[in-house]
Every structure is written in C-alpha cells, then in structure tokens.
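Q: In this text, residue positions in the sequence shown follow my numbering: the first is 1, and each later residue adds one.
Watch out, some of these pointers could steer you wrong.
[Stated by the list, open to error] Simulated pairs of lysine to aspartate or glutamate, EDC-like, Cα-Cα distance not exceeding 20 Å:
{"id": "1", "residue 1": "K515", "residue 2": "D530"}
{"id": "2", "residue 1": "K281", "residue 2": "D153"}
{"id": "3", "residue 1": "K180", "residue 2": "E104"}
{"id": "4", "residue 1": "K565", "residue 2": "E588"}
{"id": "5", "residue 1": "K619", "residue 2": "D523"}
{"id": "6", "residue 1": "K288", "residue 2": "D304"}
{"id": "7", "residue 1": "K462", "residue 2": "E492"}
{"id": "8", "residue 1": "K100", "residue 2": "E277"}
{"id": "9", "residue 1": "K317", "residue 2": "E602"}
{"id": "10", "residue 1": "K565", "residue 2": "E602"}
{"id": "11", "residue 1": "K324", "residue 2": "D109"}
{"id": "12", "residue 1": "K46", "residue 2": "E115"}
{"id": "13", "residue 1": "K565", "residue 2": "E537"}
{"id": "14", "residue 1": "K46", "residue 2": "E130"}
{"id": "15", "residue 1": "K217", "residue 2": "D304"}
{"id": "16", "residue 1": "K660", "residue 2": "D644"}
{"id": "17", "residue 1": "K462", "residue 2": "D379"}
{"id": "18", "residue 1": "K322", "residue 2": "E562"}
{"id": "19", "residue 1": "K217", "residue 2": "E130"}
{"id": "20", "residue 1": "K458", "residue 2": "D377"}
{"id": "21", "residue 1": "K317", "residue 2": "D392"}
[Claimed, not checked] The following label-pair restraints were derived from C-beta to C-beta distances:
{"id": "22", "residue 1": "P378", "residue 2": "T53", "range": "43 to 53 Å"}
{"id": "23", "residue 1": "D202", "residue 2": "K322", "range": "13 to 23 Å"}
{"id": "24", "residue 1": "D561", "residue 2": "K37", "range": "55 to 65 Å"}
{"id": "25", "residue 1": "N503", "residue 2": "N694", "range": "38 to 48 Å"}
I should point out that these hints are in silico values taken from the structure, not numbers from a laboratory. Glycine included, C-beta positions come from ideal geometry on N, C-alpha and C.
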Amino acid sequence: MARTDRVSSLINNSRYISRDLSWLKFNERVLDQVNNKDRTILERLKFLAITATNLDEFFMIRVGSLYNYIDYDRERIDYSGLREIPFKKRLFAESQKFHKEQHEQYLQDLKPLFEENDFKISNPDDLNEEEQQLVEQYFKKTIYPMITPMVFDSYHTFPILVNRLLIFGVTTKNPDDKKKLRKLSFIQIPQNLPRFFEIERDDDLILFVPIEEIIRKYIAKFFRNVDILSVNLFRITRNGDFTLEENDEIDSNFLEEIKRKLKSRKTGRVVRVEVEEGYDKWMLNLLKRRWELHEENIFTIEKDSLLDFGSLWQIVKHSEFKDKMPAPHSPVPPLTYPDTDQTDRIFDVLRSKDVLLHQPYNSIEPLLDLLEQSAEDPDVLAIKITIYRLADDSRVTAALLKAAENGKHVSVLFEVKARFDEENNIREAQKLQRAGCFVIYGVSSFKTHTKLMLIVRKEGTKVTRYVHLSSGNYNETTARFYTDLSLLTTNEIYAHDVSEFFNVITGHSNPERYKNLLTAPRDMRQQLIDLIRQEAENAGKGLSSGIVIKINSLEDRQTIDELYKASEAGVPIKLIVRGLCCLRPGREGLSKNITVKSVVGEFLEHARLFYFHQAGEPKVYGGSADVMVRSFDRRLESLFLILDKTVRKEAINILHYNLKDNVNSYLLQENGDYIKEEPLEGEEPFNIHKEFYNVRLHDIMEVNLWEEEIQEAGS
1 MARTDRVSSL INNSRYISRD LSWLKFNERV LDQVNNKDRT ILERLKFLAI TATNLDEFFM
61 IRVGSLYNYI DYDRERIDYS GLREIPFKKR LFAESQKFHK EQHEQYLQDL KPLFEENDFK
121 ISNPDDLNEE EQQLVEQYFK KTIYPMITPM VFDSYHTFPI LVNRLLIFGV TTKNPDDKKK
181 LRKLSFIQIP QNLPRFFEIE RDDDLILFVP IEEIIRKYIA KFFRNVDILS VNLFRITRNG
241 DFTLEENDEI DSNFLEEIKR KLKSRKTGRV VRVEVEEGYD KWMLNLLKRR WELHEENIFT
301 IEKDSLLDFG SLWQIVKHSE FKDKMPAPHS PVPPLTYPDT DQTDRIFDVL RSKDVLLHQP
361 YNSIEPLLDL LEQSAEDPDV LAIKITIYRL ADDSRVTAAL LKAAENGKHV SVLFEVKARF
421 DEENNIREAQ KLQRAGCFVI YGVSSFKTHT KLMLIVRKEG TKVTRYVHLS SGNYNETTAR
481 FYTDLSLLTT NEIYAHDVSE FFNVITGHSN PERYKNLLTA PRDMRQQLID LIRQEAENAG
541 KGLSSGIVIK INSLEDRQTI DELYKASEAG VPIKLIVRGL CCLRPGREGL SKNITVKSVV
601 GEFLEHARLF YFHQAGEPKV YGGSADVMVR SFDRRLESLF LILDKTVRKE AINILHYNLK
661 DNVNSYLLQE NGDYIKEEPL EGEEPFNIHK EFYNVRLHDI MEVNLWEEEI QEAGS
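Generate coordinates for the entire structure from the input sequences, incorporating the hints supplied.
A: As structure tokens, this is what we get:
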C-alpha cells in the first residue's frame, strides 16, 4: 500500500476526526459563502476576507503549535492517529488545496464582477495621466519618506521581518563589482498605510490602487546606481502560539510576562511564506535555509490575484458602498420584555421576570441600559463583572468608569490573555484600575472565559442582586453579528451561585457545589458526562431519552467517548457544531444514532446550549463553554441551568430552529466531509438568520423537541 493510501486509511479508520483537518473543513464552509450568487459582491468579498484572517490565525496558532513539537523533537499524535511529521505533510497538503481554491474563486468568480459594481483594483500603469500624477504625488509625499530598505549581506545582519506584513525582497548587484555578488534587500510596507490608494472617477467608478504596485513602480528610487535583478513580493506568517507559565502571584510581573510573550510573536519561527509567482529562486532558497522551511511551506500567488485577502475589508467597508450591502435587520424586542422603549423600568421588569436576550435578533441594549443605569443609580452599591473582549470605545468600560467615579464598588476580572486582544485588554484594565476599580488580571494559569455580571442594589430595607449570565462577550460591536444567548434575572438561586463564583475568583474561597452552575475547571466535564450517562441509563430502561447540543467546537475525547456509548445504548443525539468537530457520526457500532450539522451563514453562530431529555423533564443549560479540553481544564467557564419555564421554551425553540434550518446547514459525514443541506422537494427554505426575527411568544409554547426532532433521529 502506498504511503498516501496508508495515511488516508489511518485517518478514516480513527474513532476521531483530526481537530486541525476539521477546522480546515470549517473554513471551507466559510469559503462556500463566496459561491452564493444571491449575495452581493461585497458580501462575497467579506467572506473571502474572513477566510483569509481565519487562515492567518490557524497558521499562527495551530500550525505554530505543531512546530513547537517538531522543532523541539517532542512527540505528538494527532486525533487521526498520525505522528507529527506525516500529519504536518497532510495538513500542508490540505492547506495548499484550500489556498488554491481561495484564489481561483477570487480570479474566476469575483474579480470579473468588480467594474459592473462600480469599483476596480487597478495597476498604476492602467491609470490615465492625471491619475498617475496623483499616484506619483502620493508616493513622493507619503510612501517614500516612510520606507527604509534593509540590506542583508556580510556587513548587515538579517533584519527582523514583521509577521503578516507585505514585504518586497529585492535582489541587486553592484555593476562595478567584478565578483558580481548578489545582495538581498527588504522593503516592509508600513502597516499604518492603507492597502489601497483610492481614486474616484467622474463616472462614479472607484479605483483601488494596491500600495505594493505603487512601490513596485517606483522601487528603483530606493536602489540608485545598482542593478535590480529581481523584485519579489511576499508575506510571512510566524508562530504566534505561546502559553504562559503558571503563576500563583498575579501582580505586575504577570503583566510584564504577557508583554514579553507578545513581543515573541514578532520574532516567532516562520511557518508559512506567501510569495507571488515568478519569484527569484535564489532569494527564496536563502529564505528557506534561513527559516528552515520546506517546499510545502511556500504558498504561491498568481500575478493577477491578490496577496492577503484580509485587506479587502477596505473595499467592503467603503462608505460609498453602503447601499451595496444588505440593510441590517432591526432587532426585535425580547419575547419576555416587549416594552424595551421603557428603559427606565428595567429594574422593575427584572424583579418580576427572567429575560432571555438572543442576539443579534434581540438588541444588547437592555443589558447596556442596565449597566449604564446602575452606574448612575444611587441605590446601586456594587458591580462585579468578567470581561474577555470589549468593543472599541466600549460603553461597558465607560459605564464601569462612571460607576467607580460615583463611589460604587466595582470589581472586574479582566482576562488579559484573550488571544490577539491582549494589548487592548491590558490598556482597558489599567484604565479601570486607575479609576479606582478593583481589577484582577486573570486567575493563576487559567484563562477566564466565563461571562457573568452581578449588580447589587439596595431597595428599601432589602438588597436585590441583578444577574447576567451569557455565552457572549460584553461587546456591543460583535453583538450585531454574533448569535449569542444571555439571561437577565434576579432569581436568588442564580444570585447565590454567581456571588459564590466571584468570591472564589477574587478571594480565597472553596465553595460547596453550585446549585445551578456547572463550572470549569472544577467539575464541568464530569457533570456533563453524568448527564449523558443518565440519558443512556434512561434509554436502557425503555424511557424516552435524547441529547441536543449546540456549540462552537467539539474536541474533548472523554465527552466524545460518552456520547459514543450513549449512542450505542440507543440515545438519539443531535449535535449542532459550527466549527471543528472531532466526533465521527453515523458509524455502525460506534455512533449510528448521532448526527452532526454545522450552521454557517450571515451571522457567526456563537451561542452554546445543552439539552438533556431526562425522560420528558428536560434540563437545558446555556453558557460560555464549548466541549474542548481547554474549556474543561484550562479555563474558567460556566454553564447555567435554565429554570424559568418560558425561557426554557425559548432555548428549546432555538435548538428546534437550528435543527430545522435547511439554508445555512452542512451535514457532517462519517468520513469527515460535509455536505450542504438543501430543502427537500416540496419543502420551503428555512433560514434561521431570518426566521428568528419572526418568532412570537405563542409560537414557542408548544415546541416539544423530543417529539419533533429527537424521536425522528432515533427512529
């Protein structure tokens, strides 16, 4: 059997799907949105840009992590059963294939549509005389003064080339040098310059001139009196994966440790080089030797394509094209809080009922109103909150600062290790600390991913605690295009649990078992496993059983094994997993009762819900955690049991709609591939990203997930 056949056989026979190969399949589903001709050209460019930024992060973190094993000769066996070297070859082969598909879609499906949509990406030589003069002036006055060529030779050390910047490698020789020695110089294009120089013509056509083409046109001005042998545009991706050493003392040294680690990203080992075709082989061989790279690390870009599709955001977000993007749908009021205009009543409303927010279908405004009113309300005594990611010019930060100014006790557990937001989070945390807030910069070696808020308010002779529990960040920007769930409540059971949780993370406390919270890293995995086992036990007794889980990622082997056992015990299991999924569904003798679907469309599915049928008395949990090793072992996470009957019906209906969707859904096959789900003959399209705007309270009251979905899955 050939080696490639042996590798494929090993992968296909494994009980688990490779995490990294599964993630690449997820990015393929995002790329599939570019194929959707019902979307506008700008929407399709948006999804192409998303695939590019996703892939950058994948190489920085996942491929970077793989090289941490390879470079230090440490053993790593992938879920597929492959050792590190053969797995690297398979991973790069799949990445090269995806890279090719990206550029084919750009060149064949998107670029031909630009002019009919009033814009064009233009080379300087294609401009008229007046436009070329504008470009030349821009080069002389803005670009030229900012650029510093860096030569590498026997007198100059190899420069530090910055991660994800566009870089020219220029090969030159001195005409007077009898040895005809070649020298290599680098021009790094400053990241604080726009990718495209914009020119608007009288016919309303907007020209986007790539900055690299402007520099290429005038590059000889940086190399006077020498011969230019080649000009090569390339871009590198460095290993950005690092883990912080465990630190029991969370103090200023901790922040310095993070800052030091952030600097290491700038000099991390190179894991990928993207280079335009026709490159100078001498230059590339030099780079490959320097960075210990192989041919698989080199990703070639066609001349007519574009290096770094992430820069397309400049076009997508252009103010002249707002009418070319679909108008955002106006949020609808939460089902149990229809009078959202009366924001002055928010304290009264929450004292009388629980409110579920389902973003972006419901606005985040009730939550922001609660926080902003609490900052000003003289009866509010304290605010406690966990923060993972914030919006720019965050209203959350502003409200907390105002609360501190007004003399309230403000405690903030600020996760400064939120990947790629570390520097912003450090700045915001220090701003709050200077204002008098009690700020905790994370807890030991754990990353704080849970989303909780507690507001303490004096009301007459008693104190009421207002609680917010969520799957999403306190970020009003992402709340417009991430689907998330959150609960606003004054239920004392929640208030007790959340108060205990904050006491644990801000002080030195070891709580008894929480009443309604499942928490990590303490016992979340085991409690979820116990719930899965209960369903298997019920199935064995002939009782009705079923599991429906909606998450972003499924990777934890212990939990997957329990789902396999439950499947074989006869439990029908339906999983809605947006991203990577290491569980292999539909395999005889392993997972025949398990189906997996992924929903990828207009909004980023970010909510987490766990439904356990419990013989007709279902338990439903929402919260921040995915089924990942890191979620259970290396993060502070929480899932909350939904107590209110109406809110539970809302959550069950969300699962019901996700299972019913036949527009944004992809079905995971036993071999690890995904198939796009289409409406059956005679079946109406059901798009959850539209239908959730039309849900009414009476619609959800009769939904019975077991009868409508689970029983069908097990039949």
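Q: Each hint needs a verdict: does it hold in this structure or not?
A: Consistency of the hints with the structure:
Using a Cα cut-off of 20 Å, the hinted pair K515 and D530 holds, with the two alpha carbons roughly 16 Å apart. With a C-alpha separation of about 17 Å, the suggested pair K281 and D153 falls inside the 20 Å cut-off, and the hint holds. At roughly 40 Å between alpha-carbon atoms, K180 and E104 are farther apart than 20 Å, so this suggested pair is violated. With a CA separation close to 12 Å, the supplied pair K565 and E588 stays within the 20 Å bound.
For a cut-off of 20 Å, the pair hint linking K619 to D523 stands: about 18 Å separates their Cα positions. A distance of roughly 25 Å separates the Cα atoms of K288 and D304; the hinted pair therefore is violated under the 20 Å criterion. The straight-line distance between the Cα atoms of K462 and E492 is roughly 13 Å, inside the 20 Å bound, and the hint therefore holds. The suggested pairing of K100 with E277 holds, with an alpha-carbon distance near 13 Å, which does not exceed 20 Å.
Distance hint between K317 and E602 is fulfilled; the C-alpha atoms sit about 16 Å from each other, no more than 20 Å. Distance check on the hinted pair: K565 and E602 sit about 35 Å apart at the alpha-carbon level, beyond 20 Å; violated. For the given pair, K324 sits about 18 Å from D109 by alpha-carbon distance, which is consistent with the 20 Å threshold. The straight-line distance between the Cα atoms of K46 and E115 is roughly 17 Å, inside the 20 Å bound, and the hint therefore holds.
Restraint check for K565 and E537: satisfied, since their Cα atoms lie roughly 11 Å apart, inside the 20 Å limit. With a C-alpha separation of about 31 Å, the suggested pairing of K46 with E130 is violated against the 20 Å cut-off. Only pairs whose Cα atoms come within 20 Å are accepted, and K217 paired with D304 is accepted, the gap being roughly 16 Å. A C-alpha spacing of about 24 Å is found between K660 and D644, which places the hinted pair above 20 Å, so the restraint is violated.
Between K462 and D379 the alpha-carbon distance is near 11 Å, which keeps this suggested pair within the 20 Å criterion. Taking the CA atoms of K322 and E562, the gap is near 49 Å; set against the 20 Å cutoff, the hint is violated. Between K217 and E130, the direct Cα distance comes to roughly 16 Å. Compliance with the 20 Å bound is thereby established for this hinted pair. A threshold of 20 Å between alpha carbons decides the hint, and for K458 with D377 the separation of about 10 Å falls inside it, so the pair holds.
Simply put, K317 and D392 have alpha-carbon atoms about 17 Å apart, close enough for the 20 Å limit, and the pair holds. The supplied range of 43 to 53 Å is met by P378 and T53, whose beta-carbon atoms lie about 45 Å from each other. Checked against the hint of 13 to 23 Å, the pair D202 and K322 passes, with Cβ atoms roughly 21 Å apart. The beta-carbon spacing between D561 and K37, approximately 42 Å, falls outside the hinted interval of 55 to 65 Å.
The given range of 38 to 48 Å is respected by N503 and N694, whose C-beta atoms sit roughly 42 Å from each other.
Checked against the numbered hints listed earlier, the structure breaks hints 3, 6, 10, 14, 16, 18 and 24; every other hint is satisfied.
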